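Here is what each chain is made of, one letter per residue.
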Amino acid sequence: MPPKDVNTNNVIDQEEVLRPKMVTVEMAGKTYQVPEGITMIKALWYTGQEVIRGAGCLGGFCGACATYYRTKDDPKVRTCLACQTAVEDGMSFSMMAPFPARKAIYQMAELTDPKQDLFNLYPEAPLCRNCNACTEACPQNIDVREGVWRAVFGDFKAVSEMFMDCVMCGLCVPVCIADIAPNLVALYASRAQGAHFTEKPERLYHRINEIASGRYDAEWDRILKMSEQELKDACSELK
Amino acid sequence: MTLRLLTGRMDIHELQKLVHKTRDPRRTQTLPKYSPAERDTLIKKHHPDYRENAYRPIKFGMNAGDLTVRELAALLEGESPVPENLDLSPAHTVDVLVVGGGGAGCAAALHAYARGAKVMLATKLRLGDSNTVMAQGGMQVAISREDSPIQHFLDTLKGGHMKNDHELLKMMVDEGPSIAKWLLELGVLFDRDADGNLHVKKGGGSSMPRLLTCSDYTGLEIMRVLKDEVLNQKIQLLEFSAAVELLSDGAGTCTGAVLRDLDNKRSLVVAAKAVILTTGGIGRLHIQGFPTSNHYGATGDGLVMAYRMGAKLLQIDTFQYHPTGAVYPEQLIGALVTEGIRSEGGHLVNAKGERFVNELDTRDVVSASIIRECEEGRGIRTMSGRVGVWLDTPLLDAEQGPGTVEKHFPAMVRQYKRFGIDIANDPVLIYPTLHYQNGGVQIDANSETGIRNLFVAGETSGGLHGRNRLMGNSLLDLMVFGRRAGTTAAARAASMPQGPMTLEHLRQFRAEARKHGVSPDVSSPMLLPAYAKQD
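Chains as they are written, first to last, in my numbering: chain A, 1 to 239; chain B, 1001 to 1535.
If you're looking for bench data, these hints aren't it; they were derived computationally from the structure. Model, not experiment: these values are computed from the prediction. Heads up, the beta-carbon is just placed ideally off N, CA and C, and yes, glycines get one too. Each hint should be verified, as a subset may be incorrect.
To be verified - Derived list of chain A stretches under chain B, where covered just means 3 residues or more per stretch with a C-beta under 8 Å from a C-beta of chain B:
| # | segment |
| --- | --- |
| 1 | 22-36 |
| 2 | 47-57 |
| 3 | 81-94 |
| 4 | 97-111 |
| 5 | 114-120 |
| 6 | 207-215 |
| 7 | 218-228 |
To be verified - DSS-like cross-link-like pairs, simulated, lysine-lysine; straight-line CA separation at most 25 Å:
| # | chain 1 | residue 1 | chain 2 | residue 2 |
| --- | --- | --- | --- | --- |
| 8 | A | K157 | B | K1201 |
| 9 | B | K1234 | B | K1181 |
| 10 | A | K21 | B | K1533 |
| 11 | B | K1417 | A | K76 |
With the rest of the complex left out, here is chain B:
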């Protein structure tokens, strides 16, 4: 004990005592949200998006001169694994090729199939391995009497710092209710009120309760159902087959893709009249060294392939750091502690036992404030060199009665219990974790990029969320734009022949790289992070 006092190290339970002690006084306290000016100052000072040395300009291509994080810039300028003399005889010929097997990919495939297209879904890992399956917080849909699509629009705009694409955003909020109906008809079990209506919860940054949830398993439930439905429709499925390059007709139209079979490492050419990229985000690039909440395959492949084809990227200088990533125990580092806990009143508490932000402010504001507390010495450190603040989970039981945490957050309880931590009794230590790519490939209202017949839906696309995505808008985004992409691609495919397949765009891209003196030392897309320890 003496030694521990001397070194400043403490048992975690000793440190948690302050959280228990300060709980009652905190319960009566209300913290105002920051004014727009205060938000601005806080974010510019403490949000990782504003760390200048983490960024550099992209050297060539459609976004030449634009700033993005160094990790992404290197991949965008990276070397394609595909040789220009690759035999392009197709192994498969389809109307619509969907690349990616998460929520957006499944939605796109199902809707394209429903419109009569011959669809193939190719995915790098298994069907459903995605961020969707982990998106447990809920899906925003404006259905309550007091709410409206317009209110949803304004909330999202405010959350996105007014930088959202209005047309895309209007489309998303207007189509939300019909998406909920579609999912219900497929058998998704959203939580209900006693009168049978859909229960809505309040999410961070929203002025109204608008989150549809399935316990704290929303994304898992949706993904289970969509996967099952893709299999029921017998949509042609290629798992462990990662797209590594797109194909073009030589005149700027997309005509297929080259896949890499991860089992036998062979290349596989797919001729397609339209390609829909739904490859998700970039968490596994660990930009700025952050841990991530993202799944294993979130390596920005779609951004890389679309960029090489000449599609324009938007707002790729802004990323979302989810405020509550686990920092303790070691095994859970980066894993998400659902926002639902703050929605239900959980406090964030610093090492002095004080609250320091309105917990329901937008994610960027809450994350920046946590980073501020830690940078200014009010964090709790772990021996592995991490730092964090407390999320007061036992408060929920104190407020709403014993058993609340267990009943409302079974997934969270289970996750911590595996490591001997009971979150109903002990607060958890958290720090922001890399969560979402706010920007992405520019799309129009039909989810089509600047490249004809190349569609992008879900996290890979950009513009809709502005500079900060609002909680619960991602699940809706990928359902709405997955549907639009699938529907449009199927209609397009029905009225046109398959175009010639070439690697002309790749030849041009490589020429451009040489012109700018870039000789890439990385191969991209990355496909999987290199976690295996080298000798």
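Only chain A is shown next, with the shape it has when bound in the complex:
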């Protein structure tokens, strides 16, 4: 809880807080007045609407609030995450309804040739017609189209790096004229990259063996028998 007035200097000037300006926005086809600059989700709450579908982490990571919007007089429909986007005058927006994309089912450990298996699991992946709509739809600025091609050409490492920012909002899916779900293709390729094409970290396996073979048992005995004071002393020696 911010404390009471302690210092009259060092106050950040925020006109929007001092004199909130009301703007007109259209939400799912209805017009409302809301304070400028609040997020789209907050605009829904501000107008008394309960949000169940469409809010998740509220921090831009879960993709629950995938939204289409248009700014004043601009015909271009854009995409965004509603918890991360501020409203402005004349804006229209609607949240995306869940889209029935097909997710392939696979047992990651049992795949023998994951790069080839991609074509069985997602046979539509190589049918990309290069329209680039997926890339334009991505609120995370991922080059989605490029990612799909990289997956098709077996460069799973590049896919995994490009899609680390993917919040699985699914905005790339309904726009695809080849019925590809690029986020799911990328997730498959990323997981395969991790499970099948990365080095085994020796030190981790070594530590697992050390623990299993009792390397720390004597030290544990000593630690767990310590009095509270002895433990405190041991802790205070930590840097």
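Based on the hints, put chain B in the right spot on chain A.
Leaving out everything else, chain B in the frame of chain A:
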């Protein structure tokens, strides 16, 4: 300009100048960590856990007389939405019901399924909507040559003010490496060193670099993979279905749950031989008026349901306030600025341009010191009445070369960029934000509560973290105890029949409330915060 000087208001860039100006002198400065006595004094004076008027005793139940924050006490004593005459014919019959779809829930469901159980995962929002998906700082696992599980144990104990459950803690640190192996096999892409080993970073309050990370998207990456895996295993999934009450056999054993379908508002009874609660924390209760870093559904539902069933809660008087929650711009209030920035050397700077704490001290100490600076007039205020101190993000580029912030913290850069702020060039304003429930439902080493066949894993459980959770221990906690809960519940279910389903515990709880003169005016669990503006 004159008017602004008179009113004391300044453009944010004017105020940031002092941070830029003092950067070079600060770079050579080392701040010692506080001594145990100093930590104690600081925390008691400035940490929100010690504001007496925010607390009250719980009136009845297993924790009668124990202190907790008023917001939680009201919910624990609250009224169940379930009538005692509800038709308890089950819509579903399973071996293991997992309630909650975050990291702990997915881990529990996957491990129970792998042991042959018929599993259902029911969650209030969507699969994966959780705090796990936002836990980007990393997961602590002691793997480096210089490190050991014992060192991890001691660090955690120190961070928790020596109040951690030793048995649970030993289990967590010992099983850490095997959890990392499991996640790698599922395809989680942890950052690597040049030699292929897992890269480890140093986290606040830790004596060794021990954080496994996936860029600054650790929780997102883990959650993406676990979600996908739950779907691959065709585990029965009910989204937008919130548990509102547990079921018992009338003799203290858990036998299922009542769910509320949030789409059609109907009740749905699930018969289960074991129930695993993985409903997460309490940030959305906004205790003491704090903003929160937590997801929309973090309303403490599991605590409420377990408490009504007669499970004991532990250390529910202590909460973690993450030191660096955003206070500017308005849109980001409460959102987390990852601890990774301090791990990499970011300074906290007050309105006088001074550092005031070793930034890598434990979260409670750093938060208390920020609150101290602000309470004593060395904070920067915003027009909306908030106050904060600077986190010097451009320092990272100054120290490690241009592009460091962009490369190491893409998620943070993106989050601020949306509001026209470039954190590589401008420091950000922060104040502690309600982040984590340190305590929770008491569990044993198998993640089982005092109620037979009722398991709890992840943030809903208590005891492991003591009075302050160490950074990076949460992701590990929920993987380790999610696995233990899932494995034990599946084994238990294989050897027993489904018990009778009653609301006897609820009848007793209501009788107890009446006996203590409590007539609750709130319905609980809360399920979702009431943000929609009323007329």
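Check: Which of the listed hints are broken here?
Finding: 1, 5
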